[in-house]
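So the sequence lines, in the order shown, correspond to chains U and A.
Our numbering applies: residue 1 is where the first sequence begins, and numbers increase by one.
Our numbering applies: residue 1001 is where the second sequence begins, and numbers increase by one.
FYI, nobody ran anything at the bench for these hints, they're computed from the structure.
A hint or two may mislead.
[Stated by the list, open to error] As a list, the in silico DMTMM-like pairs of lysine to aspartate or glutamate whose alpha-carbon atoms are at most 25 Å apart: (1) Lys1130/A with Asp184/U; (2) Lys1037/A with Asp1095/A; (3) Lys1090/A with Asp97/U; (4) Lys60/U with Asp1131/A; (5) Lys1069/A with Glu1009/A; (6) Lys1140/A with Glu121/U; (7) Lys1140/A with Asp184/U; (8) Lys123/U with Glu1009/A; (9) Lys167/U with Glu1129/A; (10) Lys123/U with Glu1192/A; (11) Lys1132/A with Asp184/U; (12) Lys139/U with Glu1009/A; (13) Lys60/U with Glu1192/A; (14) Lys167/U with Asp1131/A; (15) Lys1073/A with Asp184/U; (16) Lys167/U with Glu1133/A.
A quick note: this is a predicted structure, and the numbers were derived from the prediction, not measured.
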Amino acid sequence: MDVREKIVRRTALELKDGEVVNLGFGMPVGVANYIAPEKAIIFQTENGALMFGPTPVLGKEDPDVANAASQPITLLPGASIFDIATSFAIIRGGHVDATVLGALEVDQNGNIANWAIPFAEGKYLPGMGGAMDLVGGAKRVIAILQHCDKKGQSKILHACTLPITGKGVVDTIITELAVFRVTDKGLMLEEMADDMTVEALKAVTEADFIVPDGNPKHYQVV
Amino acid sequence: MNKVKTLDEVIDQVKDGMTLMIGGFLGVGSPLRCLEKLAERNVKDLTVIAIVNSYPGGNFDLAPLFAKKQIRKFITAHAGTCPEAVQAYKSGDVDIEYYPMGTLIEKIRAGGAGLGAVVTPIGVNTYVEKDKEKLILNGKEYLIELPLRADMAFIKGYRADTLGNIQYRGIAMNSNPAMASAADYTVAEVNEIVSLGDIDPERVGTPCVFVNAVVNGYPMTQHHALYRELWTKSGYLRQPNA
């Protein structure tokens, strides 16, 4: 199982029957593929719909029905459509139970950075899109990312170095190596990959974390 | 009253230095023919307000305006999907001003609805709060975000009647209703223009008072073929059982 698939399959376990969920760009959208059929989750797409379904086959597409990445989707029975003001009233107004967002960096205080890569003084790409609204409005924020960058440096930090998307907003961090909960006491290690030891995890994690009762649970996937 | 105009009649009104709102979301629900016509002209130094940028990969909707350096300033929530815009930003040909998407749409809505400001908690403790006034209400911090308006708005609907009532379809409403209300002159591009009474009042998404001109976009069959080609090229649409 590749690293990204592992993260996505772990993340699918976080979403509960009946919840309203918004999946961010990139890796998060893949979570929808691993939801158990008995779980009825209402997925929102920020460009203006609830209850959307899979990609249609060629010939079944509708030129006016696409997701927030501009890919064709379908609408399921029970779907609704609305404009962006309504879509963000849903998000900012606290009507989304959980959001899954890809992250560039997260830190032990629940900060997340996922919108801005600086290329010159005061100039950033690509922009926050709906991410600031999502971290501010969703009841649970699940940040997913690979544990280390391409140079092997930890992306789970003492403090984010990039411009943040939201301060103290993350509830759960899921990487291919571990699942952390952000608590008042700090980062709690909840699950750890079977091929890791706590010592090995500490070696690749800049952030401080607490190991409850000395033994984290096994890392689960659907 | 008949608000139906030709594309040339409406694009003739765009002048150097104007602020334009452009409806659509990554190329879906976008006024494609107006944008194509605008890119044929030499009008420049435009400030463009769009909720996000072009269809991912560019060379569609907003992208040619960046390629031709007609846009001087871009106000948006996300710019990264459009290589032409990224290039223009990096070379200093365009300035970008970012707002969280929910804040941006409310600033536009406020501009059209006669409100003095939007008061929102989104963006507090981030880059977004820079140089902005804050309010503390009931112990919680908020940013004061000012309304946005434009000289002209170009929106996209499905059908319009000759009075300018607009019907939307699918998930293509997106930023169009808010933008329709927030410009001095709003142009609605639609797939079909119909007679008064042909749109059920319950189906009117943007009432005629917000619309100054109606122009013909791609007819529905052509509109469908265009997106089918786009999505097939991008690898999103595949033959059944392929």
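Query - Broken hints, by number - result: Numbers 1, 3, 4, 6, 8, 10, 11, 12 and 15 - these are the hints that the structure violates, sorted from lowest upward.
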